[in-house]
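Since chain A is already given, all that's left is putting chain B on it; use the hints.
In order, the protein sequence lines correspond to chains A and B. Under the UniProt record's numbering, the first residue of the first sequence carries the number 1, and numbering increases by one thereafter. Under the UniProt record's numbering, the first residue of the second sequence carries the number 1, and numbering increases by one thereafter.
Rather than coming from a laboratory, the hints here were simulated on the basis of the structure. Worth double-checking, as some hints may not be accurate.
Ranges between beta-carbon positions, derived for each pair [what the hints assert, rightly or not]: (1) A:K70 - B:Q180: 53 to 59 Å; (2) B:G225 - A:T69: 35 to 41 Å; (3) A:T58 - B:Q110: 54 to 60 Å.
Straight-line Cα separation of at most 30 Å, DSS-like style, residue types lysine-lysine; simulated pairs [unchecked claim]: (4) B:K105 - A:K222; (5) A:K168 - B:K224; (6) A:K336 - B:K201; (7) A:K3 - B:K88; (8) A:K51 - A:K25; (9) A:K336 - B:K170; (10) A:K222 - B:K96; (11) B:K210 - A:K29.
None of the values given here were measured: they were computed from a predicted structure. Heads up, the beta-carbon is just placed ideally off N, CA and C, and yes, glycines get one too.
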Amino acid sequence: MVKEALFGKTLDELQELVLNMGLPKFTAKQLADWLYKKEVSSIEEMTNLSKKARQLLTDNYSFGLTNATKIQESVDGTKKYLFPTNQGKFIETAMIPDRDRKTVCVSSQVGCKMGCLFCMTGKQGFQGQLSAGEIVNQIRNIPEWQEVTNIVYMGMGEPFDNLDEVLKSTQILTSEWGFAMSPRRITVSSIGIVPGLVRFLNESEAHLAISLHTPFHDERQKLMPVEIAYPLEEVLNEIREWDFGRQRRVSFEYIVFHGLNDTPAHVREMARILDGIKCRINLIRFHPIPNTPLKGTDEATLVEFKEGLEKKGITTTIRASRGQDIYAACGLLSTKALVK
Amino acid sequence: MRLWGETSQETMPKAEEYQKKEHQLHPEIITQNQEISPGVFLISYQQKQDFIPGQVVKITLDPEIPPRIYSICSGNHEQEVRILFNIKEDGYLTPKLAASIPGDKIWVSQPYGSFLGTDKPAWWIATGTGIAPFYSMFQSGQFENKTLVHGARHLNQFYFEDDLDWSLGKNYIRCCSQEQSCDVFPGRVTDYLQTQNDLPKDQQYYLCGKALMVVEVRDLLIEKGVPYENIIAEIYF
Numbered sequence: 001m002v003k004e005a006l007f008g009k010t011l012d013e014l015q016e017l018v019l020n021m022g023l024p025k026f027t028a029k030q031l032a033d034w035l036y037k038k039e040v041s042s043i044e045e046m047t048n049l050s051k052k053a054r055q056l057l058t059d060n061y062s063f064g065l066t067n068a069t070k071i072q073e074s075v076d077g078t079k080k081y082l083f084p085t086n087q088g089k090f091i092e093t094a095m096i097p098d099r100d101r102k103t104v105c106v107s108s109q110v111g112c113k114m115g116c117l118f119c120m121t122g123k124q125g126f127q128g129q130l131s132a133g134e135i136v137n138q139i140r141n142i143p144e145w146q147e148v149t150n151i152v153y154m155g156m157g158e159p160f161d162n163l164d165e166v167l168k169s170t171q172i173l174t175s176e177w178g179f180a181m182s183p184r185r186i187t188v189s190s191i192g193i194v195p196g197l198v199r200f201l202n203e204s205e206a207h208l209a210i211s212l213h214t215p216f217h218d219e220r221q222k223l224m225p226v227e228i229a230y231p232l233e234e235v236l237n238e239i240r241e242w243d244f245g246r247q248r249r250v251s252f253e254y255i256v257f258h259g260l261n262d263t264p265a266h267v268r269e270m271a272r273i274l275d276g277i278k279c280r281i282n283l284i285r286f287h288p289i290p291n292t293p294l295k296g297t298d299e300a301t302l303v304e305f306k307e308g309l310e311k312k313g314i315t316t317t318i319r320a321s322r323g324q325d326i327y328a329a330c331g332l333l334s335t336k337a338l339v340k
Numbered sequence: 001m002r003l004w005g006e007t008s009q010e011t012m013p014k015a016e017e018y019q020k021k022e023h024q025l026h027p028e029i030i031t032q033n034q035e036i037s038p039g040v041f042l043i044s045y046q047q048k049q050d051f052i053p054g055q056v057v058k059i060t061l062d063p064e065i066p067p068r069i070y071s072i073c074s075g076n077h078e079q080e081v082r083i084l085f086n087i088k089e090d091g092y093l094t095p096k097l098a099a100s101i102p103g104d105k106i107w108v109s110q111p112y113g114s115f116l117g118t119d120k121p122a123w124w125i126a127t128g129t130g131i132a133p134f135y136s137m138f139q140s141g142q143f144e145n146k147t148l149v150h151g152a153r154h155l156n157q158f159y160f161e162d163d164l165d166w167s168l169g170k171n172y173i174r175c176c177s178q179e180q181s182c183d184v185f186p187g188r189v190t191d192y193l194q195t196q197n198d199l200p201k202d203q204q205y206y207l208c209g210k211a212l213m214v215v216e217v218r219d220l221l222i223e224k225g226v227p228y229e230n231i232i233a234e235i236y237f
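Chain A on its own, in the form it takes in the complex (with noise of 0.2 Å):
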């Protein structure tokens, strides 16, 4: 029988766990700190504790770490990691270094429900939910773990679309007794589901995403189905409702396809629906899959872009492709080929 993971849990599950194992509460304390800060990967390891709890944890639970089974390195310094789920489905996160930054890039869902036309995680279907211990362990079980200063749910699978397990990783990340980082590091970011997005500014401090790709609703609907059920409109007239200052930001992610959507009247549908909203737009380079109809624009009309949204007074960057080579770009990631 497989045993229950340790790593995953919150400080109130594992308080819960240990006063029915008949321990004191404060090993839950000392558990989360073996977790969450230490270099350690065994029940065995966590030395503070009595011979008797590491027993007892032993024989009922599991470390719970599961390591990569696969690391490609793309000539950019970009590291794909390939992780088996325990529903013996596998999933990949990217770690994307840059300057002083160490950015992680993490997946929330094995394979995708939303089918946007220009992802090739989409192309996979939906295969399985991740527990909040499979998208920690996704952080906490590469190499270069203690140097990670960023986090974006941005790899495979609609954080949304599996909230509580998303919303109890940032709790595990962002807590004290956690990895205590700030939530002013994390970003999550999603394609729009409108409740989702309610329960998320509400019960999160972390920084907001939405995949836009184009303000045009006939056009967003073919190429991203979600746009039927949740239409862009309604999501930003959401958005509007909340207060992004300072701490918190919301950015919008916009791929750009040659001919579709960058043009001039682009330039101005963007600076109409966004009116009223503080906000970044992160310009992004379509990475080409297979049997795709779209193309990705060209770098002068790129630029071009870039300007006409500052003209429009539009805090907007270019994203940087990185780990193309090793198919970890944006919308790249996939495992289809390992699905059973």
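Only chain B this time, still in chain A's reference frame:
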């Protein structure tokens, strides 16, 4: 769960307020609940608001609990709105909805959405309960010049097949992946489409079902020369 950042929380609306404010849910009384196939139900409530075939409503049993989205499965000139759904074993709403009886209260939103039927020639492609918006279009009289491809695992999952077969005739294609019958294509929807070498490029293709079916059919249509602009998909998630 601990709430982070109590200061900023003070300026933020609570989820419950959002439910009341944005979803504009109103109570309706269930008039019928019928199990039309094992684990698949059709519930009805009185139609009080106009809708366009293909639109959806949000439904919940408690206005404090976030609603789920369902396609309307009835014609827009009928007395009742009908909703087709299957029980999700790990779901919160569908087991309770399935157990509801006439007279029980549900909370629904106004119809909305842009997966809309038209009178123009089109292909309707669905799997399982993804047939719902197309049956709404069909019942609303929009079936002229339409080809419906419906995929299911078992022969008893071709909901409304008598009506559809009667009116659509050879333009109603059933694809069954697990069982065989003389007038049913043996295989998945993608297998059927793969055999079609003359798909019209200038018609609209409406896809409705689970993510993998939608992305596979969309890829296949694009590969066969259908412009992606002519493909509109509604994914059940």
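Hints, verified against the model:
{"no.": "1", "hint": "A:K70 - B:Q180: 53 to 59 Å", "in the structure": "violated, 41 Å"}
{"no.": "2", "hint": "B:G225 - A:T69: 35 to 41 Å", "in the structure": "holds, 40 Å"}
{"no.": "3", "hint": "A:T58 - B:Q110: 54 to 60 Å", "in the structure": "holds, 56 Å"}
{"no.": "4", "hint": "B:K105 - A:K222", "in the structure": "violated, 36 Å"}
{"no.": "5", "hint": "A:K168 - B:K224", "in the structure": "violated, 44 Å"}
{"no.": "6", "hint": "A:K336 - B:K201", "in the structure": "holds, 29 Å"}
{"no.": "7", "hint": "A:K3 - B:K88", "in the structure": "holds, 27 Å"}
{"no.": "8", "hint": "A:K51 - A:K25", "in the structure": "holds, 16 Å"}
{"no.": "9", "hint": "A:K336 - B:K170", "in the structure": "violated, 36 Å"}
{"no.": "10", "hint": "A:K222 - B:K96", "in the structure": "violated, 34 Å"}
{"no.": "11", "hint": "B:K210 - A:K29", "in the structure": "violated, 43 Å"}
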